[in-house]
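Colleague: Chains as they are written, first to last, in my numbering: chain A, 3 to 309; chain B, -5 to 260.
To be clear, the hints were calculated from the coordinates, so they are not data collected in a lab.
Glycine included, each C-beta is placed from N, C-alpha and C at the ideal position.
Certain hints may be false.
With a cut-off of at most 27 Å between alpha-carbon atoms, the simulated DSS-like pairs for lysine-lysine come out as follows [as the list claims (entries may be wrong)]:
| no. | chain 1 | residue 1 | chain 2 | residue 2 |
| --- | --- | --- | --- | --- |
| 1 | B | K93 | A | K42 |
| 2 | A | K150 | B | K95 |
| 3 | B | K180 | A | K42 |
| 4 | B | K93 | A | K150 |
| 5 | B | K121 | A | K31 |
| 6 | A | K295 | A | K306 |
| 7 | B | K124 | A | K153 |
| 8 | B | K172 | B | K46 |
| 9 | A | K38 | B | K192 |
| 10 | B | K192 | A | K150 |
Quick partial rundown of chain B residues pointing at chain A, CB under 8 Å, derived from the structure [unchecked claim]:
| no. | residue |
| --- | --- |
| 11 | S2 |
| 12 | N96 |
| 13 | H100 |
| 14 | A113 |
| 15 | I116 |
| 16 | Y118 |
| 17 | T142 |
| 18 | I149 |
| 19 | A184 |
Here are a few chain A residues that sit away from chain B, every Cβ distance over 12 Å (derived from the structure) [stated by the list, open to error]:
| no. | residue |
| --- | --- |
| 20 | E51 |
| 21 | T87 |
| 22 | K162 |
| 23 | N228 |
The residues making up each chain are set out below.
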Amino acid sequence: MRNYFARSLYEKIKKNRKIILLSADIGNKLFDKIKKDFPKNFLNCGIAEPNLITFAAGMSKAGFIPICYTITNFLIYKTIEQIRTDAIYNNNKIILVGTGSGLSYNHLGPTHHSLEDIGLLSNLPNINIFSPSDKNDLEEHLKFSLNKNNKLTSYIRLGKKNEPVIDKPILKINKLNYVKKNKSKIALIFTGPLFEIVEDAEKKLHLNNIKIDVINFHQIKPISINMKKKLSNYKIIYTVEEHFPDTGIKGIISSCLSAEKTMVKSVNNKNDFISILGDRKFLRDKFGISSNKIVKTILYDKKKNRY
Amino acid sequence: MINNFKLSKFSKLARYEIIKQTFLKKSGHLGGALSCTDILVNIFNRYVLDKKNNKFILSKGHCALAMYAVLYISKKIKKKQFESFSEKGSYFGEHSSPKIKNDYIHFSTGSLGHGLSFAAGISYSNKLIKKSGYTIVLMSDGEMNSGTVWEAALISSKLKLDNLIVIVDYNKFQATGKSDEILNIKPLAAKWKSFGWKVVECDGNNHSSINYSLKKISKSFHKPKIVIAHTIKGKGISFMEADNNWHYRSPSKEELEKAKIELKIK
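Chain A with its partners taken away, still in its complex shape (with noise of 0.2 Å):
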């Protein structure tokens, strides 16, 4: 994803001078070849995260449209305070691009970690949060947030390299984007990279003679009056997420629907930093994520008759 990133930003560069990218240190090579077209584009602003905002909050009011791009949890909790007043209160819109969220950087370990950017940034108001689940998703994400009719800063939350492009419609923005849809009472929701496991778990669902709706929540914020309507027919939503849940889409959802009858569920429900390393499937299950652990869920639900 982000060198699908670095690629479309070339392009979009390209067509608008006024795109520029700060960096805090990172992403080696990946930008070469926007520093060397486009070198008044881009700026490395060192490993200073909160100055970063706050200096792109600056290049805004001045008439740019700065692109603030580092690892998420860097580039989130350095700088809640900035982003939130210099950006946001401020009125000076900036696309905040974090790399490597959730469980990405499975080797770095918990500091390098992202299970409660969601929650943070969720909590503030005039800000759009995008959670892609492929490059065709990052490019939307993108366009959306450039767009000049669009006022608000932008959160766009990516994974990390390789992962497989689903086989979808281009999605649209304010609209609930169904990955499988099967007339169903249950909606399996998942944000981000994740949907191999939640393929796999539609599968072994469908031998069990369940039928289930899938939907890629790659919108996290705001969630529009249609979505939560078409949320809200659903007995019970599962959500699987690499966040913590209360804070994550689980809590989002719970809490737009909670004059509704629907029940909503998280899949996944650790709820501590995972310190153990291993490759990132590995963490993942331990985080309470896989097909097994979603199937389980919703056959568990079934014979309780629940749905």
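Place chain B on chain A using the hints.
Modeller: Chain B in isolation, oriented as in the chain A frame:
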């Protein structure tokens, strides 16, 4: 150009308006507002009001009242707006709001350590599009405690932002004590020099000293610029000067009258 005598008269009037508002509203960071009054009067009259390319950023946002007073006397905000300071329904708060639409207020601060990074972003943008004009930032000495200030100092120096001028209102106090005791920021000039900045020091309560330092510093190139302006907290009113109780105290009716006499306001 407005002469020093007229600037001194302007300063006295501004001080009176500031003190009167803190008396009426029982709010406002009085001591710090009075220490930076002369700096604000000077730079607004000489570098900001009739020079549209120059932008002013108040980084020590808690002294917005002093900025409002200067804008009010200069007829850049209306009497009604100025008098709404700290009142129900107003946006002219102890910290300015982005809801205020004014050609001279560009950034709402209040959290310290943000103004310099923001101003550096503007200055760098102006360099990219070859737009002339200075970004002038007023900071407090208490702000020098903040890590972001030094992050911004590094990048401004790297980018050779000679269109960026910082003025530090070095009144030697912060909220709860002396700024050299809470975190020793001395030697302040040497610190900024070592970060690659052009440094000039002046008496920040003396118009000819402020003028001289700004003229001198504007002649240097390839480095960001800082004027360390030595000031007195509570300046202008004998019983408030260098007394940190006035950091957030408001005067009684009697004290307001005394101040009025000292400022020779009729």
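Colleague: Work down the list of hints and note, for each, if the structure agrees.
Modeller: Do the hints match the structure? See the list:
Restraint check: the Cα-Cα separation between K93 (chain B) and K42 (chain A) comes to about 33 Å, which exceeds 27 Å; the hinted pair is violated. In summary, the hint linking K150 (chain A) to K95 (chain B) is supported, as the alpha carbons are separated by about 21 Å, within the 27 Å threshold. The suggested pairing of K180 (chain B) with K42 (chain A) is violated, with an alpha-carbon distance near 37 Å, which exceeds 27 Å. A threshold of 27 Å between alpha carbons decides the hint, and for K93 (chain B) with K150 (chain A) the separation of about 21 Å falls inside it, so the pair holds.
For the given pair, K121 (chain B) sits about 26 Å from K31 (chain A) by alpha-carbon distance, which is consistent with the 27 Å threshold. A threshold of 27 Å between alpha carbons decides the hint, and for K295 (chain A) with K306 (chain A) the separation of about 17 Å falls inside it, so the pair holds. Distance check on the hinted pair: K124 (chain B) and K153 (chain A) sit about 26 Å apart at the alpha-carbon level, within 27 Å; holds. With a C-alpha separation of about 37 Å, the suggested pair K172 (chain B) and K46 (chain B) falls outside the 27 Å cut-off, and the hint is violated.
For the hint pairing K38 (chain A) with K192 (chain B), the CA-to-CA distance comes to about 32 Å; that exceeds 27 Å, so the pair is violated. Distance check on the hinted pair: K192 (chain B) and K150 (chain A) sit about 38 Å apart at the alpha-carbon level, beyond 27 Å; violated. With its C-beta approaching chain A no nearer than about 33 Å, S2 (chain B) sits outside the 8 Å limit, and its interface hint is violated. Contact between N96 (chain B) and chain A, as hinted, is not supported at the beta carbon level, the nearest pair being about 14 Å apart and thus beyond 8 Å.
Using the Cβ-Cβ criterion of 8 Å, the hint placing H100 (chain B) at the interface with chain A is satisfied: the shortest such distance is roughly 7 Å. Interface restraint check: A113 (chain B) against chain A, minimum CB-CB distance 6 Å, threshold 8 Å, status holds. Contact between I116 (chain B) and chain A, as hinted, is supported at the beta carbon level, the nearest pair being about 4 Å apart and thus within 8 Å. Look at Y118 (chain B): its Cβ gets to within about 7 Å of chain A, closer than 8 Å, so that hint holds up.
Checking T142 (chain B) against chain A by beta carbon gives a least distance of about 5 Å; that is within 8 Å, so the hint holds. With a cut of 8 Å, the hint placing I149 (chain B) at the interface with chain A holds, because the nearest CB-to-CB distance is about 6 Å. Hint status for A184 (chain B) relative to chain A: violated, with the closest Cβ pair at about 22 Å, above 8 Å. For E51 (chain A), the condition that its CB be more than 12 Å from all CB atoms of chain B is violated, with the nearest at approximately 9 Å.
Not every CB of chain B lies more than 12 Å from the CB of T87 (chain A), the least distance being 6 Å, so the non-interface label is violated. Listed as outside the interface, K162 (chain A) is consistent with that label: its C-beta sits roughly 27 Å from the nearest C-beta of chain B, beyond the 12 Å cut-off. Every Cβ of chain B is farther than 12 Å from the Cβ of N228 (chain A); the closest lies at roughly 30 Å, confirming the non-interface assignment.
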